[in-house]
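Enquirer: Assemble the complex: chain A is given as a structure, and chain B must be docked to it using the hints.
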Amino acid sequence: MLKVFIYILIILSPFLFTGLINKVKAIWAGRKGAPVLQPYYDFFKLLKKGEVISRTTSFVFRIAPSINAASVFLALFIIPIPFLGSVIKFPGDFILFVYILGSAKFLTVCAALDTGSSFEGMGASREVTFSSIVEPAFFIILGSLALITGQLSFESIFAAINTSTGYTILIKLLFVVSLFIMLLTEGSRVPVDDPNTHLELTMIHEVMILDYSGPDLAFILYSSGLKMVLFSMLIANLLIPPSINLIVALGLFLGIISLIFISVAIVESLIARSRMSHVPQFIFLMTALSITAFAVIIFFLYGGF
Amino acid sequence: MPYYLSGSIIFFIGGIISIFLNEKSKAVVFLIFSLISQIFILPESLQVLSSGVQIESFLLFNEPIGTVHFRLDPLSAVFTIIISLGSLLAAVYSIGYMKMYHGKNASLNSYYFFLGLMSASMLLVVTVQNAILFLIVWELMSIASFFLVIFENKKEEVLKAGIYYLTAMQICAAFLIAAFSWASAESGSTDFSSFKDVLIHSNNTGILLFILFFIGFGTKAGFVPMHTWLPKAHPAAPTGVSALMSGVMIKTGIYGILRILLLTGMPDKNLAYAVLILSIITGMLGVMNAIAQHDLKKLLAYHSIENIGIIGIGIGLAMLGMVYNNQTISALGILGALLHTINHFTFKSVLFYGAGVIYYGTHTREIDRLGGIGKYLPKTSVMFLIASLAITGLPVFNGFISEFAIYLGITKSFFVKDLSLNIAALLGISGLAFIGAMAFLCFTKVYGISFLGSPRSEFHPLPDEKESSMLIPMAVLTAAIICIGIFPLFIIVPLGNVVNQFLGGGFYPAQPEIFDVFIPISVSLTIFVAAILFFYTLRSLFLKKKEVKMFKTWDCGYQGQTEAAIRMQYTSSSFAQPFLTLVAELVPRKFKLKKIQLFFPKEASLESHAQDLSESYFIQPSIRWLNKFLNLFSWIQSGRMQQYIIYGLIFLVFLLIWILGVE
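Keeping their order, the protein sequence lines are chains A and B. 1 is the number of the first residue of the first sequence in my numbering; add one for each residue after it. 1 is the number of the first residue of the second sequence in my numbering; add one for each residue after it.
These are computed hints drawn from the structure, not numbers from a lab. In this text the structure is predicted, and so the values were computed from the model without any measurement. Take the hints with a grain of salt, since some may be wrong.
What the hints assert, rightly or not - Below, a list of computed lysine to aspartate or glutamate pairs in the EDC-like style, where the Cα atoms sit at most 16 angstroms apart:
id: 1; chain 1: A; residue 1: K48; chain 2: B; residue 2: D516
id: 2; chain 1: A; residue 1: K89; chain 2: B; residue 2: D516
id: 3; chain 1: B; residue 1: K379; chain 2: B; residue 2: E467
Extracted from the complex, chain A is given alone in its bound form:
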């Protein structure tokens, strides 16, 4: 029952976090900023509107937002809540997690190309290039987690890693940083992408959805919001300390998620977006960190090389 409640809370939350980011950024910049609930108002307004659809497009453009929404929902149920576990769990469920999000991305990219706009093609091209670097790094993290815990599903991996002590602190730290980089990349935030830019030439994710409007746009905004929450849930799961009671753990879980979003906002306020040609280097940092983590694990498991 509590589990259902928490999941519903998370399903309702994405726009709260988006609003939070905007508010923190506004305060940091010395502005008052839009209300935290503003994204919700936008969302419901979009649902009520009609649509303008490009004549160039085909069926791909129309189904992509629905597939996006379906995939983030399925992915959400694979990620566990501390002490309560996840809904879908089986050995290797993290592979399904990655690939189900992948199929949404495939359709989004195709929908961008469907409009025949050169801007959207540009965004699509960048998106696939960057995710081709992120993917192997994420699998290195997952493999390392399997190696260190001897488990193959998110739920049991997190349960095991949070009870083990010693050098896992170091591993966790490395993973948290690299997952944070992944969150910034997948959530299209600064320094990889700037959601607030007003120039199509400089965008990645935002430019791919230029032609969407109405309910379809609402679906997409919701999905990308929830996707960021998914990755922050992964990070939060890593950081839950063992031997605390359920309520504290849940509070901590939601607290860490909020903290992650606040740090996204702070990162966004402090640094500017990287040049496109420098973005891969930033993402390679994630690869480097995860390989380091793997090396550390090997070092401790086998007592030196």
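Expert: Leaving out everything else, chain B in the frame of chain A:
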């Protein structure tokens, strides 16, 4: 004689009979014969696969061949099913596709004859158990496919590609002949079962033989660096044949490797690692080169190399599992490799057939000339999209299932406490993820640029889908892609019998573990499909009674001609450019740039050609060295008549001395 052998002969007879018919009825008669042979082959193969009981028979030949055993065991049955279905679909597809060549003085006679011969010989390759006969049918298969590749032999590049292919196949055969004759000499018999003792990896002969066999069969399958014939031969062949070659024929190489592995039993540790690493490299280089291509069929050919790499990762994993005595890893490796073999047949055939439908309508394979083709070919577009998702390994399609099995096997090997195995597993898991991500890039490019967007060129007449014979094979295979994707257990359970063969004994220990995984996957994927339908209905409900306006694509308020907007669309080259600059060392490209000059520029152009590393650093240098070496003996054949007469004289003198000496 068992039925499946009759089936093979019926394919051949169909090919012969079609020679004597006119252009229009050839295809239909060949199709009827292909259908009849299905009746002979499929029930028997399915029965063997599901029961695990093999069918054995033998034919008596004159010396030196002797008694030849034919055996249809579960491993062979997997391949006979693919081969006979693949040949049938190629026959259906050819009815429509070959209309392009009607009344054009093309040699349709040879087309159907060799198609029949190729199908027949492939069926024999995977069932015969005798080295000599195996080599004969292997060569028949290569030669039949060679003649199919050079079908359009009036085009120079087709002929060139054909000869390159034939040469590669002869090199492959040379390795196999060497390996088989060595094994026969050691064991004293040409029957496969007698090789068991020779192939054991505890002695050096076994290891060397395995390497020879692997090079031979690997060349056919398309392992790096011997893969260079694929991107040349596949685009040259008519599309039905390309699909058959890529989806089915190269799998005979995989069959060979698996058969040898089955005879070997416990593989050598270093060899197992070597196979795994080579497969990872094969997969990565294959897909990287594919990204750089803009010829649709050449791109698909490179993707075959990638998929052979993935199958190879499965085989390598299975070998490692055997080495470390871990049945679960072996089972998942073999299962993944076999599943991917079957799956690759389904989606790669759909992709090739789709490319053929495009070529039929537009007479171009250049992705950058297409665009918006999905509007003229809506059914092809949907099926091509599904196959693209499947080849990328995305759910809910079958590519995901096989890649999942391999992924799971690799992650399970993290549990074995062995340093080198863990590092290999890390390479495997990140390599497979990288391959998947690159395939993602490549197929968003292929599908997005050619099927979506605005048309980049005008076609007269417009391409259409009137030829239903070209759509039916695609539809059948697409249905298979979806079924295997959502309900994988229906195919995994019978494949268990093949896994049994490798792991020995009637016990299939990994089965409960595999059920634990694939049942939840089935359930979650069903939920996924339901969720998509739910959200789509929700969207339709929201849009009900609301205005949905059709307008032009947003172009930042630019009010210029639409012509310019179409030409400004991202092309396949520009789409792939950011990634290709990242891997510029591995896929070097040559640019020919004509710059814009002066104030009234006349013309400007940019050409780019991707080079295949192994072509320029391995194949070409080895050809040069071989030429140099063989030139040392060129004086023997000088072309002067006097010299040849002297040869004759020397020969006669030798003969005289020999006869005298003997007496």
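Enquirer: Can the restraint linking A/K48 and B/D516 be considered satisfied, given a maximum Cα separation of 16 angstroms?
Expert: violated (44 angstroms)
Enquirer: Given the hinted pair B/K379 and B/E467, is their Cα-Cα distance within 16 angstroms?
Expert: holds (12 angstroms)
Enquirer: Just to be careful, I want the Cα atoms of A/K89 and B/D516 compared with a cutoff of 16 angstroms; is the pair within it?
Expert: Since the Cα atoms of A/K89 and B/D516 sit roughly 10 angstroms apart, the hinted pair holds (cutoff 16 angstroms).
Consistency note: the structure conflicts with earlier hint 1 alone.
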